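Colleague: These are the residues of each chain, in order.
There are 2 protein chains.
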Amino acid sequence: MTIKLTIDCMGGDHGPSVTVPAAVSFVRSHADAELMLVGLEAPIRAQLKKCKALDHPALTVVPASEVVAMDDPVEVALRKKKDSSMRVALNLVKDEVAQACISAGNTGALMAVSRYVLKTLSGIERPAIASALPNPRGYTMMLDLGANVDCEPQHLLQFAEMGHALVSALEGKERPTIGLLNIGEEVIKGNETIKRAGELLRASTLNFRGNVEGNDIYKGTADVIVCDGFVGNVALKTSEGLAQMLSEIIREEFGRSLLTKLMAFLALPVLMRFKKRVDHRQYNGAALLGLRGLVIKSHGSADAYAFEWAIKRGYDAVKNGVLERLARAMQENADPLAQAARDAGGAGHANLAGRPAEPYAAVSSKA
Amino acid sequence: MTIKLTIDCMGGDHGPSVTVPAAVSFVRSHADAELMLVGLEAPIRAQLKKCKALDHPALTVVPASEVVAMDDPVEVALRKKKDSSMRVALNLVKDEVAQACISAGNTGALMAVSRYVLKTLSGIERPAIASALPNPRGYTMMLDLGANVDCEPQHLLQFAEMGHALVSALEGKERPTIGLLNIGEEVIKGNETIKRAGELLRASTLNFRGNVEGNDIYKGTADVIVCDGFVGNVALKTSEGLAQMLSEIIREEFGRSLLTKLMAFLALPVLMRFKKRVDHRQYNGAALLGLRGLVIKSHGSADAYAFEWAIKRGYDAVKNGVLERLARAMQENADPLAQAARDAGGAGHANLAGRPAEPYAAVSSKA
Chain A
1 MTIKLTIDCM
11 GGDHGPSVTV
21 PAAVSFVRSH
31 ADAELMLVGL
41 EAPIRAQLKK
51 CKALDHPALT
61 VVPASEVVAM
71 DDPVEVALRK
81 KKDSSMRVAL
91 NLVKDEVAQA
101 CISAGNTGAL
111 MAVSRYVLKT
121 LSGIERPAIA
131 SALPNPRGYT
141 MMLDLGANVD
151 CEPQHLLQFA
161 EMGHALVSAL
171 EGKERPTIGL
181 LNIGEEVIKG
191 NETIKRAGEL
201 LRASTLNFRG
211 NVEGNDIYKG
221 TADVIVCDGF
231 VGNVALKTSE
241 GLAQMLSEII
251 REEFGRSLLT
261 KLMAFLALPV
271 LMRFKKRVDH
281 RQYNGAALLG
291 LRGLVIKSHG
301 SADAYAFEWA
311 IKRGYDAVKN
321 GVLERLARAM
331 QENADPLAQA
341 ARDAGGAGHA
351 NLAGRPAEPY
361 AAVSSKA
Chain B
1 MTIKLTIDCM
11 GGDHGPSVTV
21 PAAVSFVRSH
31 ADAELMLVGL
41 EAPIRAQLKK
51 CKALDHPALT
61 VVPASEVVAM
71 DDPVEVALRK
81 KKDSSMRVAL
91 NLVKDEVAQA
101 CISAGNTGAL
111 MAVSRYVLKT
121 LSGIERPAIA
131 SALPNPRGYT
141 MMLDLGANVD
151 CEPQHLLQFA
161 EMGHALVSAL
171 EGKERPTIGL
181 LNIGEEVIKG
191 NETIKRAGEL
201 LRASTLNFRG
211 NVEGNDIYKG
221 TADVIVCDGF
231 VGNVALKTSE
241 GLAQMLSEII
251 REEFGRSLLT
261 KLMAFLALPV
271 LMRFKKRVDH
281 RQYNGAALLG
291 LRGLVIKSHG
301 SADAYAFEWA
311 IKRGYDAVKN
321 GVLERLARAM
331 QENADPLAQA
341 ARDAGGAGHA
351 NLAGRPAEPY
361 AAVSSKA
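Protein chains in written order, with the UniProt record's numbering: chain A, 1 to 367; chain B, 1 to 367.
Keep in mind the hints are simulated off the structure, nothing from the lab. None of these values were measured; they are calculated from a predicted model. You may find that some hints are simply not true.
Claimed, not checked - Straight line, CA to CA, 25 Å or less: simulated DSS-like cross-link-like pairs of lysine-lysine:
#  : chain 1 : residue 1 : chain 2 : residue 2
1  : A       : Lys275    : B       : Lys261
2  : A       : Lys276    : B       : Lys219
3  : A       : Lys219    : B       : Lys276
4  : B       : Lys275    : A       : Lys219
5  : A       : Lys261    : B       : Lys261
6  : B       : Lys276    : A       : Lys275
7  : B       : Lys276    : A       : Lys276
8  : B       : Lys275    : A       : Lys275
9  : A       : Lys261    : B       : Lys275
10 : B       : Lys219    : A       : Lys275
11 : A       : Lys312    : A       : Lys49
12 : B       : Lys261    : A       : Lys276
13 : A       : Lys261    : A       : Lys276
14 : B       : Lys312    : B       : Lys173
15 : B       : Lys276    : A       : Lys261
16 : B       : Lys81     : A       : Lys276
Work out the full structure: start from the sequences and follow the hints.
Modeller: This is how it looks when you write it as structure tokens:
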């Protein structure tokens, strides 16, 4: 089976100079992939030429005349730029020409346009952003990372259901463990929303492990950790900040004198292995979950290596039937009445119209 | 001036075997300090003997017959154990025999007993836990780290005022910068509480820098960062978890073979300097701010080196007149009407009686 993906080539801080080389490198190593490169034709073709891939059979250029800027408000992306590379790439997924879309564009805009174009899955009130964070045995899937600043208990339950479906699809785990991010393990810890979410999770059929704390993210205590988008975003960015400070201190200490530089040179093989293991670029690519289509959000500042990892995430998700699994899981878990109401009224969309700014305005462009 | 501190010798995972050696080491290097060692006499004296410090003139043993266990519920610490080392140590601060209390005990119990014994400062509705986190130029003071799971906008403003007073006292900075932890820099980001807190901060006389994100904690973007206790606790523990995972990976990579061990040996001076710079033990000691007395909370798992840092935090706070500064700052900032109401009714205490579990139950014993 050929796996067809659309690439929003104009998104991110660097646009085609990053997205196109990443796409070229990806198709060269994945014979069953076909990528549609969406955006302004001239710069895309210029990059393809540079990569000697103008005639690569697995790459097609799909023109789009507009670009959603990294600082464009959601409304502009949604209402003004109807021929943006982001929108055209998402439309190809909606029309089932492609199976997933990868974009490094503005998170708020990407979430809003994705939701508008693709609609939410039956059973999902709020899509979430999910990403893998490293732990000693592999990774912890964490959601939400910034799409929803305020969550009700049932949203956290839905995040858990989506995380369950995602990890079981990707990892082949029958019953991945679920943790609820809290500030203590005991049931009485946390605010009312968290306590109520804990009750819902305990009553569910999920493999709920109970409350987990911040340090459990990197311990691998649970396969999936759920939290609201505010807390998740702070945890993610705090981690980025700490990792960056530590790597700067290491560099500073090894760069202090000729002698320490010699030491760094001698220890280089180990330092390189360490660097490779903790390289955050290989965790690039967060999934926007809960939509009727697969969308992968790359870090805006990604380089070609990192962006290729985001493409890989989309490819793996398609290959493992993540969307079908998610849809099925939601179907099985959904309350039949609520679902009927949702199917009739399109609650996801109605919700968007009623409170346009809240869930999206909260999303950081760097998430 | 002699600086008199009380040490709750029974608190923490290790009790007197950690607290007493730390106290002995501290008075040996600080000639103007006098420490009162509070707790069960026999184990304290046994440890003093071991340290050859039974007759040290700056150390006094103050007997207390009970111990607050690390897993004791707040109610037990508060209502049952009236002769606990924690309570007796705090009473000595209340009675002005000592100027600060240092404890590695159960955070929830320590906060509750401190609040009961010392009462809150005029102008403060909710005490907060503040701690210094490293940044490339020094440290970022962050609060709240777990005392208050739900905060109203005015609580975040009070945290900012307390953080301001603390940092200006400790660092001699006239107008330390204040950041509001959020998920984006723009004013429109965050939930309603955060947005309203931003308005209050902008309208205040504080040196408010605006919204900051998780990575700013370790960048040193602001001298003080405020957030609610849930978010702060998650950020703190996420950092602990990441740092621990990274140090385990470094150890693993250098321990892989004889050759890599040789490399580690050759690079040892640099690795040791790095380790020393990022050693979290030197950041041990969080201040419980907003009380009519100074209380320093040590990490429960602290070793003697880390606990000595917590003692140092209490000593520095006394030396720099932190409490007087805090009281003055609160006086100046307080809304006269609200303050009058508080002084008349003792809102802090009334609040405790009305909702005993919520703010404390939320506190993690490991915060």
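Colleague: Compare the structure with each hint and give your call.
Modeller: Cross-check of the supplied hints:
1. A/Lys275 <-> B/Lys261: Holds, at about 17 Å.
2. A/Lys276 <-> B/Lys219: holds (23 Å)
3. A/Lys219 <-> B/Lys276: holds (23 Å)
4. B/Lys275 <-> A/Lys219: holds (21 Å)
5. A/Lys261 <-> B/Lys261: Answer holds: A/Lys261 to B/Lys261 is near 18 Å, not above 25 Å.
6. B/Lys276 <-> A/Lys275: Holds, at roughly 20 Å.
7. B/Lys276 <-> A/Lys276: holds (24 Å)
8. B/Lys275 <-> A/Lys275: Status holds; Cα separation ~17 Å.
9. A/Lys261 <-> B/Lys275: Cα-Cα ~17 Å, so holds.
10. B/Lys219 <-> A/Lys275: holds (21 Å)
11. A/Lys312 <-> A/Lys49: holds (23 Å)
12. B/Lys261 <-> A/Lys276: holds (19 Å)
13. A/Lys261 <-> A/Lys276: The hint holds at about 20 Å.
14. B/Lys312 <-> B/Lys173: holds (20 Å)
15. B/Lys276 <-> A/Lys261: holds (19 Å)
16. B/Lys81 <-> A/Lys276: Violated. B/Lys81 to A/Lys276 sits at ~53 Å, over the 25 Å cutoff.
Violated hint: 16 only; the structure is consistent with all others.
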